Structures are given as C-alpha cells and as structure tokens.
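Chain by chain, the residues run as shown.
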Amino acid sequence: MTLANLKNIRQSPREQWLRWAPYIAAGVVFVLVPLLVPTYINSLLTKILIFAIFAISLDIIMGYTGLPSLGHAAFFGVAGYTVSILLVLHGIENFWLIALLGILMAALAAAILGIIALRVSGIYFLLVTFALGMLLYSMALKWFWLTRGVQGLPMVSYPDLGLSWLTWNNTSFYYFVFVFFIVCFFLMYRLVNSPFGRALQGIRENEPRMHALGYNTWLYKYIAFIIAGLFAGVAGVLFPYYARIMTPYSVGVTISTLAMLICIIGGLGTLWGPLIGAVVIIVVEYLSSVYVPERWPLILGGLFAITVMFLRGGIAPYLLRLWKRVSYGSAKG
Amino acid sequence: MEFFVLNLLNGVAFGFILFLLACGLSLALGVMGILNLAHGALYMVGAYLGWTIAINQGLNFWLAVLVGAVAGGLLGLIMEWGFFRYLHGQLNEQVLLTFGFIYILTNLTQWIWGPIPKAPFTAPFLAGSFPLGSYTYPFSRIATIFIGMILAVALWWLLERTRAGAIIRAGMDDRKMSTGLGINVGLVSTAVFALGAFIAGAAGVLGARMFGVNLELGLNVLLYALIVVVIGGMGSIPGAILGSMVIGIVDSFIKGLNPDLGYFSMYLIMIIILLVKPTGLLGKRRI
Numbered sequence: 001m002t003l004a005n006l007k008n009i010r011q012s013p014r015e016q017w018l019r020w021a022p023y024i025a026a027g028v029v030f031v032l033v034p035l036l037v038p039t040y041i042n043s044l045l046t047k048i049l050i051f052a053i054f055a056i057s058l059d060i061i062m063g064y065t066g067l068p069s070l071g072h073a074a075f076f077g078v079a080g081y082t083v084s085i086l087l088v089l090h091g092i093e094n095f096w097l098i099a100l101l102g103i104l105m106a107a108l109a110a111a112i113l114g115i116i117a118l119r120v121s122g123i124y125f126l127l128v129t130f131a132l133g134m135l136l137y138s139m140a141l142k143w144f145w146l147t148r149g150v151q152g153l154p155m156v157s158y159p160d161l162g163l164s165w166l167t168w169n170n171t172s173f174y175y176f177v178f179v180f181f182i183v184c185f186f187l188m189y190r191l192v193n194s195p196f197g198r199a200l201q202g203i204r205e206n207e208p209r210m211h212a213l214g215y216n217t218w219l220y221k222y223i224a225f226i227i228a229g230l231f232a233g234v235a236g237v238l239f240p241y242y243a244r245i246m247t248p249y250s251v252g253v254t255i256s257t258l259a260m261l262i263c264i265i266g267g268l269g270t271l272w273g274p275l276i277g278a279v280v281i282i283v284v285e286y287l288s289s290v291y292v293p294e295r296w297p298l299i300l301g302g303l304f305a306i307t308v309m310f311l312r313g314g315i316a317p318y319l320l321r322l323w324k325r326v327s328y329g330s331a332k333g
Numbered sequence: 001m002e003f004f005v006l007n008l009l010n011g012v013a014f015g016f017i018l019f020l021l022a023c024g025l026s027l028a029l030g031v032m033g034i035l036n037l038a039h040g041a042l043y044m045v046g047a048y049l050g051w052t053i054a055i056n057q058g059l060n061f062w063l064a065v066l067v068g069a070v071a072g073g074l075l076g077l078i079m080e081w082g083f084f085r086y087l088h089g090q091l092n093e094q095v096l097l098t099f100g101f102i103y104i105l106t107n108l109t110q111w112i113w114g115p116i117p118k119a120p121f122t123a124p125f126l127a128g129s130f131p132l133g134s135y136t137y138p139f140s141r142i143a144t145i146f147i148g149m150i151l152a153v154a155l156w157w158l159l160e161r162t163r164a165g166a167i168i169r170a171g172m173d174d175r176k177m178s179t180g181l182g183i184n185v186g187l188v189s190t191a192v193f194a195l196g197a198f199i200a201g202a203a204g205v206l207g208a209r210m211f212g213v214n215l216e217l218g219l220n221v222l223l224y225a226l227i228v229v230v231i232g233g234m235g236s237i238p239g240a241i242l243g244s245m246v247i248g249i250v251d252s253f254i255k256g257l258n259p260d261l262g263y264f265s266m267y268l269i270m271i272i273i274l275l276v277k278p279t280g281l282l283g284k285r286r287i
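Protein chains in written order, with this note's numbering: chain W, 1 to 333; chain B, 1 to 287.
Hints listed in this document are in silico derivations from the structure and should not be mistaken for laboratory results. Treat each hint with caution, since some may be false.
[To be verified] For lysine to any residue, the following SDA-like pairs were computed, each having C-alpha atoms within a straight-line distance of at most 20 Å:
id : chain 1 : residue 1 : chain 2 : residue 2
1  : W       : Lys142    : B       : Glu216
2  : B       : Lys176    : B       : Ala164
3  : B       : Lys255    : W       : Leu141
4  : W       : Lys142    : B       : Asn7
5  : B       : Lys118    : B       : Leu59
6  : B       : Lys277    : B       : Lys255
7  : W       : Lys324    : W       : Ile276
8  : B       : Lys118    : B       : Met210
9  : B       : Lys118    : B       : Asn220
10 : B       : Lys255    : B       : Asn7
11 : W       : Lys142    : B       : Tyr263
12 : B       : Lys255    : W       : Ser138
13 : W       : Lys142    : B       : Lys277
14 : W       : Lys142    : B       : Lys176
15 : B       : Lys255    : B       : Met1
16 : B       : Lys118    : B       : Leu108
17 : W       : Lys142    : B       : Lys255
18 : B       : Lys118    : B       : Ile55
19 : W       : Lys142    : B       : Lys118
20 : W       : Lys142    : B       : Leu108
These figures come from a predicted structure and were not determined experimentally.
Using the sequences and the hints given, assemble the complete structure.
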C-alpha cells in the first residue's frame, strides 16, 4: 500500500487532521524542541539530520533503484575532504564556494566510479562498490600531502556565510543544518515521485521489462548513482563543520555500513524511514558512547543482527500500518 | 633475474594464502548465494587462537593450525545454522548481518587479546631462511606454497572427482532440481559453508607470518578475498586460484618496483578486469 493509494480515500476532517499529525509531531521535535533543550542535545540532533541526509541519499540507489552500494561513504568523504582541504590547507573560507565545490566533487566522483560499478549488478555491484570505497579510504589514509593521513584535518571554524549579523553556536548551527535537510528532503521527495523516480522503481522491480519498454536502464541507474552521490556530498559538506575534524574514518566502510543499517532499520524505499533510522542509531550510539564507549562495536554488531533477524522490513512499515489503522480505521471499514 | 624469482616466489606464496581465504567465500557465494563478509573475521579469530597455542602456550604449530581451523569451522556452523538459513536470496540483510559479525568478533577479540598487535609467527622449524642469490629467502613462504598447492589440489579433487563434489556442483547449478532429486541441499550448504570457514581459520594461522596478527585483519584480508572472487568469477575453484595468483603476483611485482603504487595495485587490477570482462576471468554466469 503506497501513500498515493491512501490519498484517494475520502476523509473526514478528524482524519485529515490525523493525517497531518506525524508531520506536526516531527515539526515540533525538529523546530521547537531545539530552542528549549541543552546544547549537547542540539549537537545530537544536528548529527541525526546530517546522517539522515546521507542515509536518504543512499536510499535513492539502494531502496528506490535496487542497487545495494557498500561504498557510499566515498562521496560523503570526497565532499568532506574537499571542504576541509580548501578551508584548512588553502584558507578559502567562503562557505558557499567551498560547499558548491565539495558537492560537485562528490558528483564527479560518483560519475567516475559509477562507470566502473555499473558494469555489474547484484552481488558484484555490492563487492565492487565496497572495493571502490576502500580505494578512496586508502587514498585518504596514504596521501599525506593532501589529507594529512590519519591525523586528519582539524576544522576550527563555523561556516563563513558572509552574514555579519549571524552569531554561531550549537543552536544556530543546528538550524543551519535543518534548512539544508528540509531543502534536500524536498528535492529528493520530488525526485522519487517524478516520472524519473517511478522509472527507477520500475528498474528495481523488473529491469528487463523496463528495458523492453524502451527505457535506457543503464543511463537511469547511472544518473541515479550520480544524484545519490551529489546528496551524499551535501551531507559530507556539513559533516566536517559538525565533527570539527575530517579523518579517513569518515570515508571508511564503517560509515557506509552505518548508512545501510540506518536505511534498513528505518525501512528501505521510503524517505522518512531513514530519518527514523538515523534517530534510532545516533541516539543509541550517543548512549553507548556515554556508558560503554569500549563496547560500541559490539552493540552496533548486535543491532545489525537484531535488525536483520527481527525487524527485516524496517520500522517505517510498522509505523505506517499503525498510523493507517488510527487515521483511516473507519474509512477502511 | 634474482629480482624476478624473488618477487615471483613472494607473489605465489601470497597468492596461495589469498586462495585459502577466497575459496570458502567463493564456494559460499556459488553454492548458497551467501555473501559472508565475516569470512575475514574468521581468519582473524584463527590467527589469534593460533598465536595463543603456538606462541603464548608454546605448543606445536600444527596443533595451532588445527585449533584455528576448528574454531573457524565452528563459528561458521553457528552462523549458518543460526542465521544464514533464514536469509536466502536477501542480499542486503546478509551484508548487514555479516558486517555485524565483523564488529562483534573484532570487538570480542580486542576484549580477550587486547588492542596491541601480536608479532608475526610461524613454526620453529620454518623460521629459518635459505640463500637465493644475494638474498635470503624464508622457508615459511616455501612451506606456504606447498600447503596451498596440496589444499588446492585436494579441493579440486573433492569438487570435480568425487560424488560429494558432484552433489555440491549440482546444488550450485540448480537448487530446485537437486532438491527434487532427493539431495538434501540444506545439509550440503551447511557442509560447504563450514568447510570454507574451516579453511579460513587454518589460513589465519598459516598466514600469520605474512599478514601478522592484528585487529584490522578482519577487514583487510576480506578485501583481498573479495577482489579475488570478483576477478576470478564466483563459485569456481580454478577461478579462485587464477584470481589469487593474478593479485598475488602483480601485487608483489608492483610493490617491488614502486612501494607507493603497491597499495593501489589490486584495485587497479580489479578495475581493468571489470572494464574488459565484467563476469570475471573464469566466470560463466551472465551478470
């Protein structure tokens, strides 16, 4: 049952109000709460939004197009390193300029790696994206002249937007990231609901049929791969400003699999699923970093196993069903 | 000439370790369609257990190999029985689950053995070296080549010349048909998976001299094994051997000529082969 079908059901005013309830709840959490809570929670919410953008960008190729990529952090990392290198090593402070360059570099990296990765499909696609992700990771680790290797590039400043009235702190930085999140979410929403997005879902369901219908499926997959890389780049541009440091770890396979976990725990093929997944994962990560920092990988591994064995469809479908029962209960009869 | 022989021997020894790793991965993929990314983590557990037996306790090296192998095999059995049999054909889930196993096994290993890497080790009687022109060459690598060859031939014989091998190949080609003919494909899958895990555990001890014993092993050797499977073609023992040798020898020569480039050589090989022949060198299936 998709959202499009649900919209056709005639609703009473009470039901219409209920339809909007989740959006209102999300709005309250993400718009009003940050004003009232301590700043470390704002910092946590910032991280959630950055990883939500990143995970949703992975969802475009993994959930909507059916291409499981295990090297998605490559594009996140390329954008992050572009920003950090330009800012730290070359002293270019204008945020708009370096952000644009970072996003373009991520898209360029996706355009190059996509040609190689899309030679194959299925398991092989996964293995090849994994290897290509590791290639970029080893570049970040070994090219000391460019990336400072394992030391990383420290970022001390907030983004320089050229606005003199703006004072930076955790809260204002949160809203800054929030604006990016809303814009990205809206653009990706339009994308997956456009004819192009429908074609991607057709490719996911039955590629030979789409091919027979006259679609150039390779080109569709290639463009989807580049767009996913571009949005991963947006998250990557914001990340070093949040983390205050850019290290090879952020390009590595840990971040790639974390995004994959966020997508699957939230529910593949929905845009708000990865947002819920990001909330769950980042909060659990925060709690474990406070109480048992040494055992975080163990908890993460356990989460992977539990998600796979018991939450296979993700949280989003469960919530959707629950919400449907509450808000459409009488209409369904 | 010396340079050539030295690098060739190094490459072949390296290649055989890779083969021991990759054959289990390749068979699991080919027979069951299961992508076990925790294969490298089994190797790592084998290496640490081998270190405990051979160095910490000072017992026989071959006992260490056996313990590493049995531990790998047992872990493999648990994974297959407890998890993989419920995940047929679900690629994303397999990836997440096996990555979870990497984190769990690596963290548990760190918990038990501590974060500091152990010194590379080998059997006492293999610790020496012999003169090769103006260089000296370690015995342990020659031994690795012999053991690798014996295992490769044994595996090939098992798969191509025995009834068990015929059953495995039948399960690989057509699962439904084999089940219909009364073959217990589930049991065959479990056996093949455990065999691959067993060999990976043994490889952890045999390769301890070359790769060392550390916590990054789980991911590092996995990457090599995956690239071998990609370029060799999955589910094929000759493909795994060919892929291992190509990676081992080319890697060794490029590292000998230019150490900086050496780190990227295996990716370059993979990219070139994928651009020329996407099915891998000996892969049959259209993908």
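Checked hints:
| no. | hint | result |
| --- | --- | --- |
| 1 | Lys142/W with Glu216/B | 16 Å, holds |
| 2 | Lys176/B with Ala164/B | 18 Å, holds |
| 3 | Lys255/B with Leu141/W | 17 Å, holds |
| 4 | Lys142/W with Asn7/B | 23 Å, violated |
| 5 | Lys118/B with Leu59/B | 17 Å, holds |
| 6 | Lys277/B with Lys255/B | 25 Å, violated |
| 7 | Lys324/W with Ile276/W | 17 Å, holds |
| 8 | Lys118/B with Met210/B | 12 Å, holds |
| 9 | Lys118/B with Asn220/B | 16 Å, holds |
| 10 | Lys255/B with Asn7/B | 9 Å, holds |
| 11 | Lys142/W with Tyr263/B | 9 Å, holds |
| 12 | Lys255/B with Ser138/W | 15 Å, holds |
| 13 | Lys142/W with Lys277/B | 29 Å, violated |
| 14 | Lys142/W with Lys176/B | 48 Å, violated |
| 15 | Lys255/B with Met1/B | 17 Å, holds |
| 16 | Lys118/B with Leu108/B | 16 Å, holds |
| 17 | Lys142/W with Lys255/B | 15 Å, holds |
| 18 | Lys118/B with Ile55/B | 10 Å, holds |
| 19 | Lys142/W with Lys118/B | 23 Å, violated |
| 20 | Lys142/W with Leu108/B | 28 Å, violated |
When the structure is compared with the earlier hints, violations turn up for hints 4, 6, 13, 14, 19 and 20 and for no others.
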